[in-house]
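Using the hints provided, position chains B and C relative to the given structure of chain A.
Keeping their order, the protein sequence lines are chains A, B and C.
Taking numbering that gives the first Met the number 0, I'd label the letters of the first sequence as residues 0 to 317.
Taking numbering that gives the first Met the number 0, I'd label the letters of the second sequence as residues 0 to 553.
Taking numbering that gives the first Met the number 0, I'd label the letters of the third sequence as residues 0 to 301.
In case anyone wonders, no lab produced these hints; they're calculated from the structure.
Where a beta carbon is used, it is the ideal one built from N, C-alpha and C, also for glycine.
Accuracy of the hints is not assured; some may be wrong.
Listed below are several chain A residues computed to face chain B (Cβ distance under 8 Å; list not exhaustive) [what the hints assert, rightly or not]:
(1) Y214
(2) P235
(3) N236
(4) P240
(5) V305
(6) I307
Okay, the calculated bits of chain A under chain C, using three or more residues with CB under 8 Å as the criterion [said to hold, decoys possible]:
(7) 57 to 70
(8) 135 to 144
(9) 175 to 187
(10) 222 to 233
(11) 265 to 275
Here's the letter readout for the chains.
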Amino acid sequence: MGAIGKIVAQRLALGLIVLFAVSLIIFLGVELLPGDLAQEILGQAATPETVAAFRRELGLDLPPHTRYVQWLGGVLQGDFGTSLANKREIAELIGVRLANTLFLALVAALIAVPVALALGILAALYRNSFYDRLVNVVTLSSISFPEFFIAYILILFFSVKTGWFPSLSNVSPDTPFWERVYQCLLPALTLTLVVVAYMMRMTRAAIIGLLASPYIEMANLKGLKRSHVILRHALPNAWAPIANVIAINLAYLIVGVVVVEVVFVYPGLGQLIVDSVQKRDIPVVQACSLIFAATYIVLNLTADVVSIVTNPRLLHPR
Amino acid sequence: MSADQGAPRASEVVLEMRGLRIEGQVDETWNQIVKGIDVTLHRGEVLGLIGESGAGKSTVGLAAMAFARSGCRISGGSIVFAGIDLMAASEETRRSLRGARIAYVAQSAAAAFNPAHRLIDQFAETPVEHRVKSRSAAETDAMDLYRRLLLPDPERIGYRYPHQVSGGQLQRAMTAMAMACRPDLIIFDEPTTALDVTTQIDVLSTIRDIVDQFNTAAIYITHDLAVVAQMADRIMVLRYGELVEEADTRTMMANPRADYTKTLWAVRTFRKTLSERAQTTPLVRVEHVTAAYGTVPVLHDINFEIHSGRTVAVVGESGSGKSTVARVITGLLPPREGRVLFRDQRLPGDYRKRGKQQLRHAQMIYQMPDTAINPRQRIRDIIGRPLTFYLGLKGQDLDRRISELLEMIELTPSQFIDRYPGELSGGQKQRVCIARALAAEPDFIICDEVTSALDQVVAEGILKLLDRLQKSLDLGYMFITHDLATVRAIADDVVVMLQGRIVEQGPKENIFAPPHHEYTELLLSSVPEMDPDWLDRVLERRGRHGAASSTSTS
Amino acid sequence: MSAPNATTVGQTADALPPPPPREPRRSAVRRALRTAPWTAQLGLLVILAYVFVAIFAPVLTPYGESEVVGSEFEPWGTPFLLGTDNLGRDTLTRLLYGARNTIGIALVTTCLAFLIGGIGGILAAVFSGWIDQGLSRLVDILMAIPQLIFALLLLTIFGTSIPVLIAIIAVLDSTRVFRLARAVSFNVAVMDFVEAARLRGEGIGWITIREVLPNIMPPLVAEFGLRFCFVFLTIAALSFLGLGIQPPTADWGSMVRDNATLITYGDITPLLPAAAIALLTVAVNFVVDWFLHKASGLRDER
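The shape of chain A in the complex, shown without the other chains (with noise of 0.2 Å):
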């Protein structure tokens, strides 16, 4: 076990370098703006001197390796700056609607991934049947949609024409959960549609390879049953694939959740990043920025964690 926890912990030191290489380029890719944030942020109007004022306000006159220490042990104390646009703590701003976005993607999460993990091993097991050229038809249709046409056409049916759900999702911290749920629902279900066809086709992917080893040929060739087969054959060398599978779309929901946000006015991070774009709130950017990369990071190097520790060749070393 010793080798194990070796591996284990290398990875997550690698993915420790990783999550500091990508604080460092998100910080220091606002050292390429043309010219100067805070001329930039005051315009061509601002006299020398208020801007003078401005950088000094912004820490501007600093070298960028000072900022850059102060940004980041502020970041470790959950002090991420103040909004260039409406001077509050960026913390606080995101506080909340880090929380709504992460329910609403554990809302899809916990749709999705079932849905598609038992879609997908089914299309494995039933591999050229009907079922699976179906499958095949009908996802890849479903990931070549953009996400704000599933969205769409989801209002048009389940709220426009039937009045089922809301076409926007109004929840505010004191929503009830229940409240909280059937908001979410209709964002819920655009992030799932996507996902699980993705999801999908990679399960069946991963799946068929393994079925395809020949340890499983042996074990048909035991007269095995095939629930023996797939339970004790397969699926124990299944967990590393899967595992990759769900967290690679795990953190594409994560991204997906964006556009989503946007379309049904959910007060999440999504709408929080796009809305500091457009006004260039270049700290917030930044913050979002960072914990939707840590959130990738985290997510992926899990995956990784799962396939060290379920690999038989490194649980019993020789």
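Frame of chain A; chains B and C shown alone:
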């Protein structure tokens, strides 16, 4: 089951296949790959199925279990096992027979064992699932079978995972697994093909013993005639999915009737006429070469010479470092110490530092002709490139020379010059590789296992061609091979390698005549011979001398 | 364990009879098209239609791209077949020009991404060593940030204009092209025929262009289709968010955004540009799926 028993004891029939037809799918169309074969097998009898690649022998073997791989289907004929019509039987009936009464031993045990479970779990699940034995009875039985199959530490080896056990041991553990329910029939699908010869002999002898002890019928599938001669009571020769000839082993070995069988039997008889012992400066001299991959040492103090017009065979098993020697000579792996001389000129260790002429003089022919030539280039371009690159040939001169080279390798220029490699057979591709090497007008060619990916008849053609070219062009060859039959056929000098060291070297006649170095002796005596009594003789001799490895760790 | 017996029929004899003469390329293509599944045939037809519309947009409509021709949100009918938009521009005209702009920008971006990623990937595989290490680690880090988020960040910094948009998406997308190109080139670069070329003394140019490139074309072509879809959808999403192609340029993503309010009245006009996007990506995906299937035999079997 030793071949002495000859014809089957007139007892009950275990398996009867009549008019078996199997189709394989290529691009939406179904082609027949087995075209009406009859197989009858009695209790305790071992049937050898032999043939070259594409003969359909594995497919027939699996059909005995009423199993077809994906992309194949059994399209006609009858399969009756122990009185049960498998073609008419339900899938449930077939499943209940597989593993319990008909078992299978795959070619690559390393791939066929599930990496996630211990050997004994995989052993026990067959009897437990088929409700033949309890789990604890199965475990006891596993240890007994592991002991009979001469696995080291039989009480505990089952509690290891597949990747913790060596290839030869895994193959025996798989045979034990096949025996778990004491089946009436076992299909052995090339069980020793992936093993080194010194390991193969152990696996062969233990398989033979255990099948004999339990009087199990077996179908033994192989492309190796000498192996089948040891294992089978009766032999069927297949080609293109059809039966060529069938007879009991001794009759077949002594007196093959069909022309195809005769050519198969004759292939290993080619011997080149020995070249003169040269007195000139050697073409290539390898001096005190030591090499490593990273920090892993692979070669230790290697010294030998290659002369024009002569062939040096470098022989050894996997991991002996024989291919690394070639990488050092070609400059792909610069040596740590020592040097390589070409006509007494020192060659730079790294090929990138060698001049065009230095590169031109030494050419290489590879093991896998499929990957050795670019599938997206026409034959004209493949052979033409060295001509343009080294010799500056263009236009008509180039065309003329390409045609000459194609004629040298016995391919009709007009038919082949504009083809892509995908339109050639394996042997033809290897000939193109030879032509490409010759195009550089080299003095020296390294042949890296050039025949091991080819069927024997084809391989023999390649060896003869290389021999003829050597005589007419006075080429020096270095042959890297694990196959002693190839060494016997083409070598003038032999270098025997083991674990990165040369254990013995000298002219072929000296190496192949006693007294041998201990390892050379083991290697030579492990190569199966066509004589059906060979395995008995070797085992008896080794038993008497208490010699090396028959129960060792292999 | 592999079943050579089942697959390689008749590879035995050294002197095989010559194969039938090669089919001329054109009739081979025609036969492939005829035997293609209906999905691929439909896909090709749709792609051709889009290309036609994109090229001939100005001829197909009497109005200008951003010409205000009527009042706002006029219903379907004559003279405005699909009504007008939020500024009183002809929706059909905007749709036709949108084909030109949206597809054109996506195509340029994809080509640029392939140029950067493809060259980088092949060189990483051919040179290996520290060049490979350096490029691969860089790509790892770039790929650790979700693409859309990264694009948003860069757009904030550089502002939204078409050249910036193309450059950002192309660079970000080239990381994926790099990964694929490196992987497939690496598989080819370790083959014996490449070693043979190296030992012959060939330069990097020959090895890259003559030995490696022709062997990685099929996966790269398929990837081009997939990347095009992805880029197309990303740009559409950005435009929909108001951060991509800027007005008054006609573009499907921003058309949905501009007219989205109509949906709440049950008017499906804003869905048309979205459907136009979906139809094209579906078509490309269908064709790529068929191509992958053809290029690798029964691809799922292994």
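*Interface hint for N236 (chain A), Cβ within 8 Å of any Cβ on chain B*: Hint holds; N236 (chain A) Cβ to chain B Cβ min 5 Å, cut 8 Å.
*Quick check: the stretch 135 to 144 of chain A, covered by chain C? Criterion 3+ residues, Cβ under 8 Å.*
holds (count 7)
*Identify whether the interface hint at P235 (chain A) stands, where standing means a beta carbon of chain B within less than 8 Å of its own.*
holds, 4 Å
*asked:* Interface hint check: P240 (chain A), Cβ to nearest Cβ on chain B, cutoff 8 Å. Holds or violated?
replied: Check failed: Cβ of P240 (chain A) comes no nearer than 13 Å to chain B, outside 8 Å.
*Verdict on chain C covering the stretch 222 to 233 of chain A, where coverage means 3 or more residues with a C-beta closer than 8 Å*: violated (count 0)
*Checking C-beta pairs, does the stretch 265 to 275 of chain A have three or more residues closer than 8 Å to chain C?*
holds (count 3)
*Annotated coverage of the stretch 57 to 70 of chain A by chain C, confirmed only when three residues or more have a Cβ within 8 Å*: Coverage by chain C is violated here, the residue count being 0 at a Cβ distance below 8 Å.
*Have a go at the Y214 (chain A) hint: is there a Cβ in chain B nearer than 8 Å to its own Cβ?*
holds, 4 Å
*Given coverage of the stretch 175 to 187 of chain A by chain C, tested with a Cβ cutoff of 8 Å and a minimum of 3 residues*: violated (count 0)
*Does V305 (chain A) pass the interface hint, meaning its C-beta sits closer than 8 Å to a C-beta of chain B?*
With a closest approach of 14 Å, the V305 (chain A) hint is violated.
_Per-residue hint verdict: I307 (chain A), partner chain B, C-beta under 8 Å_ = violated, 14 Å
In summary, the numbered hints that this structure violates are 4, 5, 6, 7, 9 and 10.
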